[in-house]
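S.K.: Residue numbers (our numbering), protein chains in the order written: chain A, 1 to 391; chain B, 1 to 391.
Honestly, the hints are just simulated from the structure, not real lab data. All figures in this text were calculated on a predicted structure; none of them were measured in a lab. Keep in mind that a hint or two might mislead.
As the list claims (entries may be wrong) - Covered stretches of chain A (chain B as the covering partner; in silico rule of three or more C-beta atoms under 8 Å from a C-beta of chain B):
id, stretch
1, 56-64
2, 104-113
What the hints assert, rightly or not - Below are the DSS-like pairs computed for lysine-lysine, each with C-alpha atoms no more than 25 Å apart in a straight line:
id, chain 1, residue 1, chain 2, residue 2
3, B, 384, B, 300
4, B, 134, A, 126
5, B, 126, A, 134
6, B, 119, A, 126
7, B, 361, A, 155
Glycine residues also receive a C-beta, built at the ideal position from the N, C-alpha and C atoms.
Number of protein chains: 2
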Amino acid sequence: MNDKIEQLLIRGVVEINIKADLEKKLRFGKKLRIKLGIDPTGSDLHLGHLVALRKLAEFQKLGHQVVLLFGTFTGKIGDPTGKDKMRQPLTDAEINKNMQSYLEQAGKVLDISKTEVVKNGDWLAKMNFEDILKLAGSFTVSQMIQRDMFQERLKNNRDINMVEFFYPLMQGYDSVAIKADVELGGTDQLFNLMAGRKIQEAYGMTPQNIMTMSILEGTSGVEKMSKSLDNYIGVMESSKQIFGKTMSIPDHLMSKYFELLTDLSRHDIDQLLAGHPRDAKLQLAEEITTMLHDEKAAHKAREEFLNVFAQGGLPSDIAEMKLAQGEYPLLDLVIKSELCVSNSEARRKIGEGAVKIDDIKYNQLDEPILINDDPKVLQVGKRKFVKFVAE
Amino acid sequence: MNDKIEQLLIRGVVEINIKADLEKKLRFGKKLRIKLGIDPTGSDLHLGHLVALRKLAEFQKLGHQVVLLFGTFTGKIGDPTGKDKMRQPLTDAEINKNMQSYLEQAGKVLDISKTEVVKNGDWLAKMNFEDILKLAGSFTVSQMIQRDMFQERLKNNRDINMVEFFYPLMQGYDSVAIKADVELGGTDQLFNLMAGRKIQEAYGMTPQNIMTMSILEGTSGVEKMSKSLDNYIGVMESSKQIFGKTMSIPDHLMSKYFELLTDLSRHDIDQLLAGHPRDAKLQLAEEITTMLHDEKAAHKAREEFLNVFAQGGLPSDIAEMKLAQGEYPLLDLVIKSELCVSNSEARRKIGEGAVKIDDIKYNQLDEPILINDDPKVLQVGKRKFVKFVAE
Numbered sequence: 001m002n003d004k005i006e007q008l009l010i011r012g013v014v015e016i017n018i019k020a021d022l023e024k025k026l027r028f029g030k031k032l033r034i035k036l037g038i039d040p041t042g043s044d045l046h047l048g049h050l051v052a053l054r055k056l057a058e059f060q061k062l063g064h065q066v067v068l069l070f071g072t073f074t075g076k077i078g079d080p081t082g083k084d085k086m087r088q089p090l091t092d093a094e095i096n097k098n099m100q101s102y103l104e105q106a107g108k109v110l111d112i113s114k115t116e117v118v119k120n121g122d123w124l125a126k127m128n129f130e131d132i133l134k135l136a137g138s139f140t141v142s143q144m145i146q147r148d149m150f151q152e153r154l155k156n157n158r159d160i161n162m163v164e165f166f167y168p169l170m171q172g173y174d175s176v177a178i179k180a181d182v183e184l185g186g187t188d189q190l191f192n193l194m195a196g197r198k199i200q201e202a203y204g205m206t207p208q209n210i211m212t213m214s215i216l217e218g219t220s221g222v223e224k225m226s227k228s229l230d231n232y233i234g235v236m237e238s239s240k241q242i243f244g245k246t247m248s249i250p251d252h253l254m255s256k257y258f259e260l261l262t263d264l265s266r267h268d269i270d271q272l273l274a275g276h277p278r279d280a281k282l283q284l285a286e287e288i289t290t291m292l293h294d295e296k297a298a299h300k301a302r303e304e305f306l307n308v309f310a311q312g313g314l315p316s317d318i319a320e321m322k323l324a325q326g327e328y329p330l331l332d333l334v335i336k337s338e339l340c341v342s343n344s345e346a347r348r349k350i351g352e353g354a355v356k357i358d359d360i361k362y363n364q365l366d367e368p369i370l371i372n373d374d375p376k377v378l379q380v381g382k383r384k385f386v387k388f389v390a391e
Numbered sequence: 001m002n003d004k005i006e007q008l009l010i011r012g013v014v015e016i017n018i019k020a021d022l023e024k025k026l027r028f029g030k031k032l033r034i035k036l037g038i039d040p041t042g043s044d045l046h047l048g049h050l051v052a053l054r055k056l057a058e059f060q061k062l063g064h065q066v067v068l069l070f071g072t073f074t075g076k077i078g079d080p081t082g083k084d085k086m087r088q089p090l091t092d093a094e095i096n097k098n099m100q101s102y103l104e105q106a107g108k109v110l111d112i113s114k115t116e117v118v119k120n121g122d123w124l125a126k127m128n129f130e131d132i133l134k135l136a137g138s139f140t141v142s143q144m145i146q147r148d149m150f151q152e153r154l155k156n157n158r159d160i161n162m163v164e165f166f167y168p169l170m171q172g173y174d175s176v177a178i179k180a181d182v183e184l185g186g187t188d189q190l191f192n193l194m195a196g197r198k199i200q201e202a203y204g205m206t207p208q209n210i211m212t213m214s215i216l217e218g219t220s221g222v223e224k225m226s227k228s229l230d231n232y233i234g235v236m237e238s239s240k241q242i243f244g245k246t247m248s249i250p251d252h253l254m255s256k257y258f259e260l261l262t263d264l265s266r267h268d269i270d271q272l273l274a275g276h277p278r279d280a281k282l283q284l285a286e287e288i289t290t291m292l293h294d295e296k297a298a299h300k301a302r303e304e305f306l307n308v309f310a311q312g313g314l315p316s317d318i319a320e321m322k323l324a325q326g327e328y329p330l331l332d333l334v335i336k337s338e339l340c341v342s343n344s345e346a347r348r349k350i351g352e353g354a355v356k357i358d359d360i361k362y363n364q365l366d367e368p369i370l371i372n373d374d375p376k377v378l379q380v381g382k383r384k385f386v387k388f389v390a391e
């Protein structure tokens, strides 16, 4: 039990405010209410989102009450965190759709049946002017402007809309409403999380402990995983995609991925990393695929991957395309295959020697290829295939 | 009619935003809604308050609709204008009492039966969070911080509570709620008045015109008239007090008092000022006393004043004090008269030669004075009297 508390306080954690305080509560056996706020402005979860959700699952397994707070009200305003401009507000329908989708995906690591799910519209929408003035009164303007993002904006002569001052106020009040003992968030949420402490105190409550979590880099290895940078591994992707994308991460990220996304002990992780990088990465990919699908699917994805990339074999599910029997110039076939996004990419790929027919490389655009009853496999790059057969 | 519009736009007015615009509306004959906001944190009106009320009366006489807006909601927060700290909030009972008292006093220059009287608690208390965010969204933080008072505070490292940002927002929204065409205020209210324009525009309305009024200096001649500086002439004071206090203002203020507090034309004022200052001031005092009481009371106050101060006569209402028959040292009599605030003031006044018995100056502290059936009038300074008679 004590080991698990230590894990809880360390693994994937950047900072705890106040650590000694939280540790005392945990060791004392107090049942805590653990808050994670979700601004329902998007619905597709990726591995980056799972870092905090897995930490919630750790709390849950130790018997604490996890509270997923959907910012249904704040989502209508848009969190300005890290943005130059305010977000477009969402409609109620969009928010509800995103919530349902989020819960389905979070269910892959969290026991949703034991999770309290709340919406801040349920209390924020009911506040009147006097309530709001009391809330605003817990902050001074200087305290508000200290926020990094606001400082940055003022420095660059970009303005701050008054509405944006409300975001930390509302997020903080949410902690009052749900009586949070602990709030999780990314390091970029530090100001809002601290606002929760301040506002809970102003309302006569014990301030929550704050746990900021590591940021997960995306598959390209440098920037934070995000949908907009297209460096993400999506929670709902196929086992094959998840396995393959995990295999594509740079070696130096393996240690962090193991720590944040698997249950392997530090000792086991270190042993794996001491061996061949490819073996370690296969293990990582299998762990992650198992988490998001199951062992069987993970095993199959691994076999498949090894078949195609390690042994030079073909995947088992190549798409088939029918053509009228006859000879076609190579470029025509590549374009018809739709494996390239444009005609110019098709030309380039052929020029680069990245195009094979039945595992033989061709680099002439007008190379004549005969399509008949005998299937021909066209390969572009390492991972894209189409099988042509005569109609 | 045109002359009256010109008067309206000039007399006592510091600035109009936008003058050409307002003049056009007035000349076009549009019936306008004229707003004056009153923060009901005090109830004693003095001549300084009458400057704006008299301007409202001018609008009223031209057929426009005057709207007195009581900040019953804002009064609970306290307007931070020109204050280093926030005011203490008022109770509902205090606010209601102040409102009643205000209307009674304002009735001396304004026709209250034709005046629309409203309270901003009627709409502000009903706003919800979404309404308030919409309102806040009409301002950026930079625009808010531009306010002189906030700049001053930030410069001096005094903080601004978030609540204080709401005052201009609420005052501005009041102009939306009452559909104000014109708002009057002191020059120190300029930011809040301009907020009204901005917020009306944000709500799709034509922005109100703003009229800032001259600040009236108090009887001591330098600082703004105010109760706390004890340099005021109160609306509810006796005709004698009003007359006497007006006579005590420095000569250089006469022109401004005539302009802001009487209906005399500029031509008549200039003629008066070209004559003897004392005659001009008597006229001024009579005008002001007539406004606050009536012609008869003003005339009596003038007679009285001339009797005491100009002809060296005695006022008709000297307090009588009974003493046992016998001889008293002068100092004892002065102390018993309670015309001095302390024994040491009594000694000083006698030493200065400011003490007379029956119009004869005495400057010995132990001068024996016989009190018998024949009344003796003790005078300290110019205006304080007691009549002693034997019991």
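S.K.: State for each hint whether it applies.
M.R.: Results for each hint:
1. 56-64: violated (count 0)
2. 104-113: violated (count 0)
3. 384(B) - 300(B): holds (19 Å)
4. 134(B) - 126(A): holds (15 Å)
5. 126(B) - 134(A): Between residue 126(B) and residue 134(A) the Cα gap is close to 16 Å, so the pair holds against 25 Å.
6. 119(B) - 126(A): Answer holds: residue 119(B) to residue 126(A) is near 23 Å, not above 25 Å.
7. 361(B) - 155(A): This hinted pair is violated, its Cα atoms lying about 74 Å apart.
The structure is inconsistent with the numbered hints 1, 2, 7, although it conforms to all the rest.
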